Amino acid sequence: MLPDFPSIKDKLLKISTLLIKHKIKSNSPILSQSKNIRYFEGNRMKVIYENGEEDISTFKTLRAERSMDSKEIIEGGYNFIAEVDEGIAQEMQRKQELLLFEAIDESVKKNGNDIDAGGRELTQEMLLELYEKLDYTFDGYGNPTSNYAFYVSPNDYEKLKMKLEVIEKDIEFTERYNALMEQKKKEYYDRESNRKLVD
Amino acid sequence: MIEKAIENWLIKTNEKNYQLPFVQTLLAKGHKVIYISKHSQLEQGKDIVSIDSENVIHAYQLKGGNIDLSAWRSIKGEIQELIELPFEHPEIDKKIIHCSYLVTNGDVADTVRLQINQINEDNERKNRGYSYLTVINKETLLKDFIELQGVFIPKELNDFESFLKMYLADGRDFLDKKEFFQILENVVFSFNTKLKADKLNAIYASTVLTSYLLHSFQQTNNYYALFEGWIVLCSTMLHFAIEHKIDKTKWLFTFNLAFEEAIRQLENLKIEVLSRVSYIEGSHSGDGGHIYNSRITILIGVLSIYESFQKKRNNKYVTDLKIEEFVEDNIDKLCYWGESAFPFFWGVITFSELTGNSQRSKTLLDYLVKETVTQNHEKNTLALANPYYSATEVFMSTDPALRMLNIFDVIDFTSFKDESYCILPLIQLCARRGYREIVEENWKIISKLFFKEFSVEQDCDLLLYRCEKGVNVTITPKQTKSWSELIHESKQGEELKSLSKYSLFLPFFLAVYPHRATSSLMKLVDS
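Line by line, the protein sequences give chains A and B. Quick note: the first sequence uses my numbering, first residue 1, plus one each step. Quick note: the second sequence uses my numbering, first residue 1, plus one each step.
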């Protein structure tokens with residue numbers, strides 16, 4: 001073997017891993033909102049819902065691979081590796097987002113919380129139907145504290161933004177939306193008042 | 001290399017530390033061990049008495065270090081008792097002369113050997129009916145220990161590296177339980193054999209391996225680390241024995257030996273704690289604050305568990321007033337660094353109840369529930385670390401200066417938000433005690449937390465430090481919960497019934513394996 005610097009490389013690898021994780025979180029709006037939970041043992045996960053239903057799932061492996069040309073490594077050094085890491089971060093981000101959306105898709109379909117627009121444009125009715133399916137939380141002053149966001153493809157972003165602005169300016173929509181929020185507030189306070197210990 | 005490690009350990013250790021592996025060599029030779037002295041008190045000059053397969057009685061007196069003429073003269077009285085007095089035991093016919101052994105992990109000087117030979121010859125010549133004294137020195141002990149170790153030595157390079165790392169560990173630090181468990185698993189307990197004899201040999205060998213692997217902690221009298229080491233061995237051994245359905249009569253004695261060794265270390269710890277004026281340890285720089293409070297939490301917790309255990313084992317035991325005072329004087333230092341501190345708090349809770357201080361028990365339970373719901377409720381960012389993280393790991397991530405040095409392994413505390421591993425055991429503890437008001441007052445937020453636990457496929461898997469097979473469970477609690485339902489759920493059911501025979505061992509197991517403080521196991525120990 002030739003002289004090497006493994007102690008430096010080990011630290012650089014750790015820095016790479018940290019930076020990849022950081023890039024994924026900061027570049028992905030949805031992943032930045034989701035929690036990373038570390039499990040130390042076991043080979044499955046199970047969620048038991050309040051109604052007693054159970055959901056069992058296994059761990060999935062996500063991997064991103066990159067091949068590197070020796071010449072590029074020699075000439076680029078760590079800067080080149082940083083570029084490679086960028087590519088890995090993007091691929092891992094894409095795969096994690098896909099996995100997350102697949103899980104959400106499966107869950108909402110199972111619970112009947114999905115709305116299929118059937119390729120049509122967003123309408124007031126659809127929007128209200130969407131809001132109707134959501135659970136909201138409110139503070140002590142009656143202000144909503146839920147943090148919902150639309151996740152759309154970059155191609156649809158501008159179109160959707162304009163559409164939303166038009167819909168939300170409509171007086172009838174505003175009235176119906178406010179009525180819905182009042183109903184949601186009542187539902188929320190009813191739910192909160194049910195959080196109690198009984199005999 | 002392993003032989004060198006065993007030799008190095010043997011020459012530096014004392015008789016109390018080599019006693020267990022020595023007993024193990026006797027068991028491996030087919031002896032039945034009928035007596036082992038405790039607390040350095042010799043019975044008729046004997047530390048160990050055994051009967052071999054031909055019903056010959058053997059009595060041993062264990063010493064540490066070289067025995068020269070001066071040392072010999074100081075122990076001659078005990079040696080006299082060893083060879084002259086028959087041992088009082090229902091299994092022993094006092095008319096039969098036993099064989100006596102002076103055992104040492106050092107050398108016996110020639111002048112001493114000469115005297116021993118003269119004593120033996122004189123006794124025989126004058127028909128005194130005293131037993132013959134044989135010397136077992138370092139060489140013989142080493143040979144026996146190496147033989148007992150047998151094939152159970154690290155073979156893979158990784159295992160060898162782990163072995164050396166453990167052997168050369170900083171004896172002042174906490175035991176690296178994960179590493180130690182892995183060595184036991186890889187070197188001893190994953191040994192692929194169908195032969196019952198080999199499985200038993202694995203159990204016997206594990207005690208020798210443990211004795212010398214904990215060598216650096218013996219050198220520093222790090223009693224807590226030694227206690228943890230023996231508990232890790234006990235639980236791993238127990239798992240192995242249960243999983244392989246080994247006849248209990250063949251391994252239970254060894255398990256009890258290892259368990260008694262863990263208890264002995266706690267007794268040493270208790271003696272040290274009660275003799276100290278200050279509980280600062282090691283370098284004063286960096287001590288104090290959370291470090292000091294965590295040390296006190298561990299001490300109060302584990303000594304409380306120890307006292308409760310003694311009472312449970314022997315109803316006539318009177319709990320030590322000095323420990324009660326130690327707990328009372330330091331109760332304000334209790335530190336809930338994370339959920340891995342839970343078993344220590346539980347120890348204090350049960351000890352308080354045992355000593356008639358149920359108010360303190362209730363106050364502590366109230367504190368734990370409130371602390372968990374406050375810290376882990378969604379509005380807070382620095383939630384309590386789950387029980388898989390030790391105090392050391394938590395402090396390396398919470399202290400701003402240490403975070404800089406620990407940048408690659410900083411814990412993401414936000415990942416603990418909205419969930420808790422301890423909240424379900426905690427509310428069930430309250431239910432068993434009728435502390436409805438604690439649960440009721442906090443239920444609004446408790447019902448917003450996810451209850452987490454690890455569920456195993458077979459009961460004995462819970463004894464493993466880490467288990468490959470198992471389910472990470474997330475439970476959504478009911479918004480409206482019935483108190484009577486909670487009481488019913490908190491009572492011990494059929495779960496983990498196979499572990500109920502080890503109820504004396506389990507509280508110590510929880511102190512060392514806090515991530516195993518599941519609702520099922522807590523029901524078992526908190527009866």
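In short, the hints are calculated from the structure, not lab data. Given the structure is predicted, the values throughout are model-derived calculations rather than measurements. Heads up, the beta-carbon is just placed ideally off N, CA and C, and yes, glycines get one too. Check the hints yourself; a few may be wrong.
Just some of the chain A residues that point at chain B, by a computed CB distance under 7 Å [what the hints assert, rightly or not]: (1) 40; (2) 42; (3) 46; (4) 47; (5) 50; (6) 95; (7) 193; (8) 196.
No farther apart than 25 Å at their CA atoms in a straight line, the calculated lysine to any residue pairs in the SDA-like style are these [claimed, not checked]: (9) 46/A to 316/B; (10) 133/A to 455/B; (11) 25/A to 81/A; (12) 478/B to 51/A; (13) 35/A to 441/B; (14) 46/A to 524/B; (15) 35/A to 377/B; (16) 448/B to 81/A.
Task: Enumerated hints in conflict with the structure, sorted upward - done: Violated: hints 6, 7, 9, 10, 13 and 16.
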